[in-house]
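Produce the complete structure using the sequences and hints provided.
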Amino acid sequence: GESVGLHLPTLSVQEGDNSIINCAYSNSASDYFIWYKQESGKGPQFIIDIRSNMDKRQGQRVTVLLNKTVKHLSLQIAATQPGDSAVYFCAENISNQAGTALIFGKGTTLSVSS
Amino acid sequence: NAGVTQTPKFQVLKTGQSMTLQCAQDMNHEYMSWYRQDPGMGLRLIHYSVGAGITDQGEVPNGYNVSRSTTEDFPLRLLSAAPSQTSVYFCASSYELAVEQYFGPGTRLTVT
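Protein chains in written order, with the numbering used here: chain V, 237 to 350; chain L, 79 to 190.
Incorrect hints may have been included.
Pairs of lysine-lysine residues, derived as BS3-like cross-links and limited to a Cα-Cα distance of at most 30 angstroms, are as follows [what the hints assert, rightly or not]:
id, chain 1, residue 1, chain 2, residue 2
1, L, LYS87, V, LYS273
2, V, LYS342, L, LYS92
3, L, LYS87, V, LYS342
4, V, LYS278, L, LYS92
5, V, LYS273, V, LYS342
6, V, LYS292, V, LYS304
I should point out that these hints are in silico values taken from the structure, not numbers from a laboratory.
Quick look at the structure:
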């Protein structure tokens, strides 16, 4: 089954609000996490990543927070804009006897209304 | 750089037909992978390659074959298409295993 998941399948916000998208993971040995944005009809685009030796990383209008104690990852988008409307996926680096791979969660659809 | 390109963008097959989905990248990435995306399922790894001549199975490899004769190309073959293979297929590449991957635009495949 999925080892990476999101708490909510959809999130609706008003333009200008801050958005928080959550993700829970189950593999405590995971050491690398990525957030992707996917717009309708397009492939996923990298937003931001974080390694397990960090608990926070900031980009342009986005911040990723990692809480290893409760195995929780979140993506914060400041001053959300209509162009932020998309599906957001978290991905987890999993290593086992079979190898190493990125495992994706099921995604949260963010809808921004003006 | 064109990045990751995929052809075709759309394809309709009848059950039992075969076809190859093409993927190419011009970033000299060693690592390439194929995912399928179904509604409500996120992205699932089909096959991946860590370099020319080296491929391995992902989460859902059954019904698909791959080969990697060059660094640039990583085709995905469906030998006998089934309706369960109706999906959107994404190819991705990266400079290292399981780090930020660059995705192609996808191929939407329908099997009737």
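Query raised in the report: Failing hints, ascending?
Result: none
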